[in-house]
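S.K.: Using the hints, position chain A against chain P.
In order, the protein sequences belong to chains P and A. Going by the numbering used here, the first sequence opens with residue 101, and the numbers climb by one from there. Going by the numbering used here, the second sequence opens with residue 648, and the numbers climb by one from there.
One should not assume that every hint holds.
Claimed, not checked - Calculated lysine to any residue pairs in the SDA-like style (CA-CA distance at most 25 Å, straight line):
1) Lys-161/P / Thr-746/A
2) Lys-770/A / Pro-105/P
3) Lys-161/P / Ala-704/A
4) Lys-161/P / Thr-684/A
5) Lys-770/A / Arg-714/A
6) Lys-770/A / Asp-165/P
7) Lys-770/A / Gly-213/P
8) Lys-161/P / Val-761/A
9) Lys-161/P / Arg-714/A
10) Lys-161/P / Arg-145/P
11) Lys-161/P / Ala-717/A
What the hints assert, rightly or not - Distance windows between CB atoms, simulated:
12) Trp-129/P / Glu-742/A: 46 to 52 Å
13) Leu-151/P / Asp-732/A: 16 to 22 Å
14) Ala-656/A / Ala-128/P: 48 to 54 Å
15) Met-101/P / Ile-664/A: 26 to 32 Å
16) Leu-228/P / Leu-774/A: 46 to 52 Å
17) Ala-778/A / Ala-143/P: 45 to 51 Å
18) Met-150/P / Asp-681/A: 45 to 51 Å
19) Gly-685/A / Ile-191/P: 49 to 55 Å
20) Val-687/A / Leu-194/P: 24 to 30 Å
21) Glu-677/A / Met-150/P: 45 to 51 Å
22) Asp-744/A / Ser-127/P: 37 to 43 Å
23) Ser-127/P / Asp-732/A: 39 to 45 Å
It should be emphasised that the hints constitute simulated quantities derived from the structure, not laboratory data. Backbone N, C-alpha and C fix where the C-beta goes; we use that ideal spot for every residue, glycine too.
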Amino acid sequence: MRADPRALRFGAAVTTLVLVLVLVTGSAWLLAAQAVVFALGLAGRSPYVMLFKALVRSAPKETEDARPPRFAQGVGLVFAVAGLAGLLAGITPLALGATAGALLAAFLNAAFGFCLGCETYLLLRRLLPAATLEVHQ
Amino acid sequence: MTGVWVVLATLALGTVIGVVRLRRDGRMREQAGDRLTGTVLGAPLGERATLVQFSTAFCQPCRATRRVLADVGALVPGVAHVEIDAESRLDLVRELDITRTPTVLVLDAAGRIVRRASGQPRKAEVLAVLADVVPAPEAARDRRPSHDPSHEPSHQPDEM
Numbered sequence: 101m102r103a104d105p106r107a108l109r110f111g112a113a114v115t116t117l118v119l120v121l122v123l124v125t126g127s128a129w130l131l132a133a134q135a136v137v138f139a140l141g142l143a144g145r146s147p148y149v150m151l152f153k154a155l156v157r158s159a160p161k162e163t164e165d166a167r168p169p170r171f172a173q174g175v176g177l178v179f180a181v182a183g184l185a186g187l188l189a190g191i192t193p194l195a196l197g198a199t200a201g202a203l204l205a206a207f208l209n210a211a212f213g214f215c216l217g218c219e220t221y222l223l224l225r226r227l228l229p230a231a232t233l234e235v236h237q
Numbered sequence: 648m649t650g651v652w653v654v655l656a657t658l659a660l661g662t663v664i665g666v667v668r669l670r671r672d673g674r675m676r677e678q679a680g681d682r683l684t685g686t687v688l689g690a691p692l693g694e695r696a697t698l699v700q701f702s703t704a705f706c707q708p709c710r711a712t713r714r715v716l717a718d719v720g721a722l723v724p725g726v727a728h729v730e731i732d733a734e735s736r737l738d739l740v741r742e743l744d745i746t747r748t749p750t751v752l753v754l755d756a757a758g759r760i761v762r763r764a765s766g767q768p769r770k771a772e773v774l775a776v777l778a779d780v781v782p783a784p785e786a787a788r789d790r791r792p793s794h795d796p797s798h799e800p801s802h803q804p805d806e807m
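Pulled out of the complex, with its shape left as it was, chain P reads as follows (with noise of 0.2 Å):
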């Protein structure tokens, strides 16, 4: 599968405002919703995408992998929901820091190009050797 890489960043930067403004409110149920984006990008099917596709109808001029950006919305939910996990129970620094996690990596992504959640694949094969990480097609 191939993915318009204009609409990855897109989508990088509305995460990186919706988790601003979860830090900023300490809103759950916005922190909520985005876990839900991070789960619907890990299936392929990314609502922030899809909005972009929506709006800009001009085909892009090189396509890039879908497996990368897929594998890294995972590690976002992973982020997400440790950091709801966080706000529901009490636990401020959990909450805190998890949702700094995740905005961090939106943040590389959407300002500079770089895909965190890609390159910790590797270092996550390092340790668990043996884990199938595989994003099914």
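M.R.: For chain A alone, coordinates are given in the frame of chain P:
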């Protein structure tokens, strides 16, 4: 209020990381290193130098890096390009402490690691490193394509 500070700190940290990464990405660094053999790599070394690329499926710049290195291999005689799937060689990944893909190692004729780059290297820099590392070609007329995996010299029967 804490949230606002966390936002500012995170964005500041992200900017620093991003700028450092942009400057370092794909830069060739000197490394006095281990020696790798063709057996360890699973592919023959180049006569004059070998470009070893570690890749994973989850790696966006690996494809572009492959293009750059294959180009260089075709351009400079005696230089081989070997691509290793990091996931199937986790032993080597740990031994060489490879944390990112793509990571590119430049080996001299003896298989010693002389340079290392993490991230997608620039073609001009790879060429400059090769000019620096590889001894001047005496027998450069021998223009056998170095990325050709078959190393037997002209065993193909002339059928034409």
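S.K.: Does each hint fit the structure? Answer for all of them.
M.R.: Hint check:
Between Lys-161/P and Thr-746/A, the direct Cα distance comes to roughly 30 Å. Violation of the 25 Å bound is thereby established for this hinted pair. The straight-line distance between the Cα atoms of Lys-770/A and Pro-105/P is roughly 23 Å, inside the 25 Å bound, and the hint therefore holds. Taking the CA atoms of Lys-161/P and Ala-704/A, the gap is about 22 Å. The hint holds against a cut of 25 Å. For the given pair, Lys-161/P sits about 40 Å from Thr-684/A by alpha-carbon distance, which is inconsistent with the 25 Å threshold.
Our distance criterion of 25 Å between C-alpha atoms is met by Lys-770/A and Arg-714/A, whose separation comes to about 10 Å. For the hint linking Lys-770/A to Asp-165/P, the alpha-carbon distance of about 23 Å falls within 25 Å, and the restraint holds. Between the alpha carbons of Lys-770/A and Gly-213/P the distance comes to roughly 20 Å, so the proposed pair stays at or under 25 Å and holds. Between Lys-161/P and Val-761/A, the direct Cα distance comes to roughly 37 Å. Violation of the 25 Å bound is thereby established for this hinted pair.
Note on Lys-161/P and Arg-714/A: the hinted pairing holds, with a Cα-Cα distance of about 18 Å set against a maximum of 25 Å. Only pairs whose Cα atoms come within 25 Å are accepted, and Lys-161/P paired with Arg-145/P is accepted, the gap being roughly 21 Å. The suggested pairing of Lys-161/P with Ala-717/A holds, with an alpha-carbon distance near 23 Å, which does not exceed 25 Å. Hint check: Trp-129/P to Glu-742/A, Cβ distance near 48 Å, so the stated range 46 to 52 Å holds.
For Leu-151/P and Asp-732/A, the Cβ-Cβ distance of about 35 Å falls outside the hinted range of 16 to 22 Å, so the restraint is violated. Take Ala-656/A and Ala-128/P: their Cβ atoms lie about 22 Å apart, and the range 48 to 54 Å is violated. The hinted range of 26 to 32 Å is satisfied by Met-101/P and Ile-664/A, whose Cβ atoms lie roughly 29 Å apart. Between Leu-228/P and Leu-774/A the Cβ separation comes to about 38 Å, which falls outside the hinted range of 46 to 52 Å.
With their beta carbons about 48 Å apart, Ala-778/A and Ala-143/P fall inside the hinted range of 45 to 51 Å. A C-beta distance of roughly 48 Å is found between Met-150/P and Asp-681/A, which places it inside the suggested range of 45 to 51 Å. Between Gly-685/A and Ile-191/P the Cβ separation comes to about 54 Å, which falls inside the hinted range of 49 to 55 Å. Val-687/A and Leu-194/P have their C-beta atoms about 44 Å apart, which leaves the hinted 24 to 30 Å range violated.
The supplied range of 45 to 51 Å is met by Glu-677/A and Met-150/P, whose beta-carbon atoms lie about 47 Å from each other. A C-beta distance of roughly 42 Å is found between Asp-744/A and Ser-127/P, which places it inside the suggested range of 37 to 43 Å. Take Ser-127/P and Asp-732/A: their Cβ atoms lie about 43 Å apart, and the range 39 to 45 Å holds.
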